[in-house]
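**Student:** Line order of the protein sequences matches chains B and F. When you line the first sequence up against this note's numbering, it's residues 4 to 288, in that order. When you line the second sequence up against this note's numbering, it's residues 5 to 355, in that order.
Wrong hints could be hidden among the right ones.
[As the list claims (entries may be wrong)] Stretch by stretch, here's where chain F covers chain B in the computed footprint (C-beta under 8 Å, at least three residues): (1) 9-19; (2) 45-53; (3) 222-236.
[What the hints assert, rightly or not] A partial selection of chain B residues facing chain F, derived with a Cβ cut-off under 10 Å: (4) Pro-146; (5) Ile-150; (6) His-250.
[As the list claims (entries may be wrong)] Here are the computed distance ranges between Cβ atoms for each label pair: (7) F:Ser-269 with B:Pro-123: 51 to 59 Å; (8) F:Ala-314 with B:Arg-44: 18 to 26 Å; (9) B:Val-260 with F:Arg-75: 20 to 28 Å; (10) F:Pro-223 with B:Pro-69: 47 to 55 Å.
Don't read these hints as lab results, they were simulated from the structure. Ideal Cβ placement from N, Cα and C applies to all residues, glycine included.
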Amino acid sequence: MPAAFLLIHAKPSRAWSVLLSWTLFAAGIGAYFYVSHARHRDNPEDRVMPTIAQMARGMYNAALQPAEEDEATAPPDNFVQRFFGSMLWKDTRASARRFFYSMALLVPAVLLGLHMGLFPYAGSFFLRFILFFDKIVALSLLPILFIAFGIDELAKVMLIVIGVAPTIILDTFNLVRGVPAEQTVKAFTLGAGDFDVAYRVVLKQVMPRILNSIRLNLKSVMLFLFAGEMIASTDGLAFRIALLRRHMGMDVIIPYVLWVALLLFLVDLGMRRLNRMLHPWFRES
Amino acid sequence: MLRGLLVLILSITAFAQKPSFTVGWSIYAGWTPYYYMNKAGILRKWADKYGIAIKVQRFDYAPSLDAFVARNIDACAMTNMEALDMPAASGVPTTVVLIGDYSNGNDAVLVRGGLQLKDLAGKKMLLVEKTVSEYLFDRAMTLNGLRDQIKRVRLINTSDSDIATAFLGDTSANAVVTWKPMVSQISKQKGIASLFNSSQIPGEILDLTVVRTDVLNRPDGAGRKFAQALSGAWYEMLAMMSAAGPAGDKVLAAIAEGSQDTLASYKEQLSTTKMFYTPQSAAAFGASPDLKQKMALVRQFCFDHGLLGANTRSLDEVAIRYPDGSVQGKADRVRLVFDLGYMQMAAGGKL
Chain B
4 MPAAFLLIHA
14 KPSRAWSVLL
24 SWTLFAAGIG
34 AYFYVSHARH
44 RDNPEDRVMP
54 TIAQMARGMY
64 NAALQPAEED
74 EATAPPDNFV
84 QRFFGSMLWK
94 DTRASARRFF
104 YSMALLVPAV
114 LLGLHMGLFP
124 YAGSFFLRFI
134 LFFDKIVALS
144 LLPILFIAFG
154 IDELAKVMLI
164 VIGVAPTIIL
174 DTFNLVRGVP
184 AEQTVKAFTL
194 GAGDFDVAYR
204 VVLKQVMPRI
214 LNSIRLNLKS
224 VMLFLFAGEM
234 IASTDGLAFR
244 IALLRRHMGM
254 DVIIPYVLWV
264 ALLLFLVDLG
274 MRRLNRMLHP
284 WFRES
Chain F
5 MLRGLLVLIL
15 SITAFAQKPS
25 FTVGWSIYAG
35 WTPYYYMNKA
45 GILRKWADKY
55 GIAIKVQRFD
65 YAPSLDAFVA
75 RNIDACAMTN
85 MEALDMPAAS
95 GVPTTVVLIG
105 DYSNGNDAVL
115 VRGGLQLKDL
125 AGKKMLLVEK
135 TVSEYLFDRA
145 MTLNGLRDQI
155 KRVRLINTSD
165 SDIATAFLGD
175 TSANAVVTWK
185 PMVSQISKQK
195 GIASLFNSSQ
205 IPGEILDLTV
215 VRTDVLNRPD
225 GAGRKFAQAL
235 SGAWYEMLAM
245 MSAAGPAGDK
255 VLAAIAEGSQ
265 DTLASYKEQL
275 STTKMFYTPQ
285 SAAAFGASPD
295 LKQKMALVRQ
305 FCFDHGLLGA
315 NTRSLDEVAI
325 RYPDGSVQGK
335 ADRVRLVFDL
345 GYMQMAAGGK
355 L
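Make a model of the complete structure from these sequences and hints.
**Tutor:** Put into structure tokens, the structure is as follows:
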């Protein structure tokens, strides 16, 4: 069976699967350090592609020392306290707060989509407008956002909500429409009220798919969050990246980007776990 | 291997055609002439004279600096502060070949509600942090004896493309530091006052054309030709700009077009830009002891704000060499050079 390993029926062993799945990581990291090394041999002061030692030092300082703009107090002795007083923790906390506020504001979006899908008057009232609104590029409306919501926290959260909520509303709407009509009819004949049907029959079975849809939109949430923090802010992960970019602080930027990726991965994993726990009957994810 | 391939490709193309150089610029009153120099063929005329090719590329300001540091372009228009804290501090030795102008009111500290500099502690101020805006604010406070209050002002890092609408839209922001044309846009509103502007620190915010030192020192001499061609074209351009009457206006209107601007607005910006229209005036400024004093302030600011890099322990590690041969910092770590040679050649008609 030569070359059979490329075919659909191939069954790679566990060892091979693991090896293959890490190959591109290894290649990417290898290529980075090869080029970085070459650049540093050429120019020892290169800041565009820091070495692993520089990044480690940058991250060490970020995670254990207070931000430049904060008053330097006497550093506490233990590591945990130093971390909670650090630049990295300050930025993470600020970004996380905005992130979770906007996630919380997606709950009404889901409910709106549910009602639009089930109640014809709500559907007629909202659908056309939201279809239109969905196509608006939120970032181009910044001046209006500034006037309506100022430039503080509210503006950043609203930028995320305006950017992501229409997608969630429309997706929920479509999922709700996809529930077979027989089921609602059946529920009614069994004596359910309108809200029983909406919340206990329809919402319940589309919920795992809605959670998946929100998971897929996590990156959009993050993108709008970053845009907001880069436009105007005093703290946050993207604020720091924007500031460090001004003098090529790639030794901190690259670890920051990886840190954001890790956090986002953990949120995604958490939602996947939650989904499986809440809806053990759902087998699609 | 990649480098080898690159060198091979470069040498093949060099064999096939004349050496080619790229100059990057971004929109600013003192740099927009590059648009016209390219469009009207002035640059091409001078490039032909020296047997080279010069490409002109417009960028946003920050990306133009990134491109220069990454060695993607050979020359770039930037301020003295950025020349020091971006390429020079990243180990890309840089030479100043043209001193174009200094900001003489283009940058300003604006407030609403009749505030004074002494009232700013605890107030919200929008600005692009770690740039000449923060430098200007730092100088304003220092010159007014308010240095100890700088840390107490709440700085909000705001992108320059949105700063005007952000300040006008959010009345809870008390102050803003930015540059023209945003300053003009904001000042038009009622109740906005200017507390400090760059005409109060003349010659500290310089707008330069810089070339990578390794490009300038190319063994085939094409780098020097490139700088000579730039200098020749630049002063031909400036002579046309400074012509009086309708001829000058026509040129200025064509330049303004490069930034989607009107003649009136461009003239207003030029009125607060001290252009060195003649190579003599630029070279004289470059040779004056003032330059050293002003650069000393700028480099101290860069060092205090960590702009020279986390690994730079002393401000002498990014040294500057002046036309008289004196060096600020360690002599073996010269990263920024002021070379008046090309301006002097233009002054002496030797290009």
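**Student:** So, against the hints stated earlier in the document, which numbers end up violated here?
**Tutor:** Violated hint (a single one): 1; every other hint is consistent with the structure.
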